[in-house]
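Asker: The chain contents come next:
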Amino acid sequence: MEISPSLLNNVLIPIVKALVIVNVMAVMSGVLTIIERRSLAFLQVRKGPNRVGWEGSLQWVADTVKLLFKEDVVPEKAEHLIHYLAPVLVVVPALTVFAVIPWGPEMTFRVPGIGKITTGAYATDLNVGLLFILAVTSIGIYGIILAGWASNSKYALLGGLRSAAQLISYEVPMGFAVVSVILMSRSLSLVEIIEAQRRMHLWFVFPGLLAFFLYFLSGVAETNRVPFDLPEAESELVAGFHTEYSGIKWSFFFLGEYANMVTVSAIATTLFFGGWLRPFPNVAALSFLDLIPGIVWFLAKIFVFMLVYIWFRGTFPRYRFDQLMDLGWKTLIPLALVNLVVIAIAALGGTRGLQILAWILCGGFALAVVVVTRTRSRKAARAARPVTPVEVRA
Amino acid sequence: MSTANYLPILYFAVMAAILPVAAIGLLSFVRPSKPTPTKLSPYECGIAAPTEAFDHRFSVRYYLIAVLFVVFDVETIFLFPWAVMYHRLRLFGLIEMLVFLVILVVGYVYAWRRGALTWA
Numbered sequence: 001m002e003i004s005p006s007l008l009n010n011v012l013i014p015i016v017k018a019l020v021i022v023n024v025m026a027v028m029s030g031v032l033t034i035i036e037r038r039s040l041a042f043l044q045v046r047k048g049p050n051r052v053g054w055e056g057s058l059q060w061v062a063d064t065v066k067l068l069f070k071e072d073v074v075p076e077k078a079e080h081l082i083h084y085l086a087p088v089l090v091v092v093p094a095l096t097v098f099a100v101i102p103w104g105p106e107m108t109f110r111v112p113g114i115g116k117i118t119t120g121a122y123a124t125d126l127n128v129g130l131l132f133i134l135a136v137t138s139i140g141i142y143g144i145i146l147a148g149w150a151s152n153s154k155y156a157l158l159g160g161l162r163s164a165a166q167l168i169s170y171e172v173p174m175g176f177a178v179v180s181v182i183l184m185s186r187s188l189s190l191v192e193i194i195e196a197q198r199r200m201h202l203w204f205v206f207p208g209l210l211a212f213f214l215y216f217l218s219g220v221a222e223t224n225r226v227p228f229d230l231p232e233a234e235s236e237l238v239a240g241f242h243t244e245y246s247g248i249k250w251s252f253f254f255l256g257e258y259a260n261m262v263t264v265s266a267i268a269t270t271l272f273f274g275g276w277l278r279p280f281p282n283v284a285a286l287s288f289l290d291l292i293p294g295i296v297w298f299l300a301k302i303f304v305f306m307l308v309y310i311w312f313r314g315t316f317p318r319y320r321f322d323q324l325m326d327l328g329w330k331t332l333i334p335l336a337l338v339n340l341v342v343i344a345i346a347a348l349g350g351t352r353g354l355q356i357l358a359w360i361l362c363g364g365f366a367l368a369v370v371v372v373t374r375t376r377s378r379k380a381a382r383a384a385r386p387v388t389p390v391e392v393r394a
Numbered sequence: 001m002s003t004a005n006y007l008p009i010l011y012f013a014v015m016a017a018i019l020p021v022a023a024i025g026l027l028s029f030v031r032p033s034k035p036t037p038t039k040l041s042p043y044e045c046g047i048a049a050p051t052e053a054f055d056h057r058f059s060v061r062y063y064l065i066a067v068l069f070v071v072f073d074v075e076t077i078f079l080f081p082w083a084v085m086y087h088r089l090r091l092f093g094l095i096e097m098l099v100f101l102v103i104l105v106v107g108y109v110y111a112w113r114r115g116a117l118t119w120a
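Chain order of the listed sequences is A and B.
Residue numbering for the first sequence follows the working numbering, beginning at 1 and increasing consecutively.
Residue numbering for the second sequence follows the working numbering, beginning at 1 and increasing consecutively.
Isolated chain B (complex conformation) (with noise of 0.2 Å):
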């Protein structure tokens, strides 16, 4: 396994790159383009006045579901190597694993009794 295993990647990344790029910047010059004050107003269905979203703000829980996905994201990093390792690390690795998942399902069940986890 050497680098030259990643390689392949970057050419895969290059190439899905020029598709979209050249399709949205060389074709822009043979587009029609008729811009009216209208057309260029965010879109709203029969209000006349356009609302803007920069100072729009949002619901909290937004932020709630990023952080706990962090959380719980972070330990599934955690399961990855101990999974490819089961076969040798066996009972020990188990009884482990049960470990650290006990105490996750703790913050789990605490963070649903807080209603951390009910969107409404």
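Chain A with its partners taken away, still in its complex shape (with noise of 0.2 Å):
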């Protein structure tokens, strides 16, 4: 049988590709859950689900079959359709938004019966990639707010709405932070941006050092996530927009929430860390790093900052609403607009500039983790001093 090339590249393989790539993160996300679950009980110093499967590992499996078999109760004073629909709305776009992700470069394989096929390990590659993503993962606060104001309860309102306006604050310092890697690469293709970064010799968080932290930061809120998770204040909004849902339309709104930091992590990782490029791409002496396919380094980094947030979660507790509002629109709004201009006056300079910037920037930042630690730790020793049982029994 003979397929033309056009059906293949055209239809097949994006066909084939979203159902891969879709279901992968829709697994992905159940897995995630018991790596968070198990992380969070280490850091807690217990012990976590360990009893389904290896170490507790199929667990998430066993949720999966209770949440899909549990009754779905709507209030009765709902807006059923919309009820019905705000998971929808809210899962549709944030596994929409994996059709730019770049995973991983052109791959050549065989095919028995087709024979050879080029193609990237992306489903496509936008010219407004970056503009895309920032589009479609907004089209979710939707769903959100639908969420609360469909249930027909206070609590479900009061969470939508902290919600909406928790994620539009935080995508204006995002936006610019954004636009601060746009100026480095010229581009906003997604695939560009990392071969920008192979040709510059330099992964761009380095002279974005600001950048990453703003768009990092915002990323956490704009998923919900600890610190940020006032939405889901469980002491003042007992379970915030998702308080009238259970079962399987309840879980959609984690699948999404999942699926979400799995993008920010992808687009951090896209932007700042160089993609699917192995460390140092340009030092010859490290091409057996080469091994290991791109695809690996790029689920790698996305996985080291799964961990992160994982990280936070277990590490910080939640902002005031006031606090979350104060540090959005007073604190990274104008670190956003003086990183853009500084990075604006780098790139006069080219590479040449950018890579001065990130010299400046690193050896800072640098500075600034090594005063302030002995700083404490002295501070620390002083305060410490007076108590030892030595002192009190003479």
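Not one of these hints is a red herring.
Here are the computed lysine-lysine pairs in the DSS-like style, where the Cα-Cα straight-line distance is at most 30 Å:
(1) B:K34 - A:K70
(2) A:K77 - B:K34
(3) A:K66 - B:K34
(4) A:K47 - A:K66
(5) A:K70 - B:K39
(6) A:K66 - A:K77
(7) B:K39 - A:K66
(8) A:K77 - B:K39
Bear in mind the hints are in silico, worked out from the structure with no lab data behind them.
If you're wondering where the values come from, they're calculated on a predicted model, not measured in any experiment.
From the two separate chains plus the hints, produce the assembled complex.
Answerer: In structure tokens:
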């Protein structure tokens, strides 16, 4: 059987990619829940779920089956149609975004019956990829605010409103941080951004240190995660916008949340950490690292970010809502503007200018870390001295 | 760059929609459904009389944040094409954008001084 190349390239391969990526991500978010629960247990010195499967590794399967067959309670006075639609509205954009995430470089492999296929490990390389991601991830906000409104419960309504306010507030510094990366890469295409980092021999995290912090903080806030998980602040709003949700509809909000976390990690990896590139892509002495395929590098970097998310959750207390808004509007936005101007000035000097900026920023950062830790440990030593048991006895 | 580049997004959207629609819709036939009046009332902690949210009023600050967001987000959208073409505009582009940002900052400072950014 002969398959025409245009049919193969425009229809069959993208459909297969969509099938694989969407389903893998849906399963991944299940796996991530068990990784998160076990890691949190580790951070809190307890065991965590360890019964189902090896060390609890199949707990998420058991949970999924339970949630699928659980009764779906919809409050009598809720807006029924929108109550059903809201979780779909959260999940669809969260998974659609994966169409433009560049998981790996172009690969060639042999398929029996068809022949050799060369295709990128990404579904499509849009020339407006970054803009597409910002636009589509924002659609999820509708799902959250509609879920809160349609439930006809005051906790859900307040949770949904808070969530919307928080998401749009952090959208602004995130947008500015992303623009500063475009200044360096000169393109909105994600593949092109990775290639620019190879060309310049520079991960953009070094000149864009501040931009990276801004992006990742805003990303944590946009995914409603600790320490910015106010929409779900259980001590004041029960469960926030999904108070009136149960069973599988409830779990789709979490599928959306985990998918969004992966997206934020993937974009952070692409924009700042060289995407699928190995560390030091221009140093020939390290070329043995090329034995590890690009897609593995990409997934490993994403995984590190996911662990940082979990680490945050195990470490930080929750912000208060006014503090959250202050941080977004009064701290992050001015910082983002300063960062933008600094990078614009450095970009005038081309690659050289960015490299100089990278040295200044990273040197300053390292110096700050050293100074802060030294003053801290000195203070701690001074505070600890008077209460030694020897002195008390004397 | 053709429309063919955008087709995969459609496939992804359809695939992503099938998942929740199938899980919520099809499996609704196998799920138990035993509604009781208490179950169907909105959640409330320890209070018998259920509350309604549709006539609830909420803080006007949410609207204010939404308006500010529209202003700032439009600014960001203006920055995108500028950033892509920056390496050709060079110094001219930098000065142009500084003027633009100064105008933006004036509005930002005004909103700050008027207390629009303070949540209390």
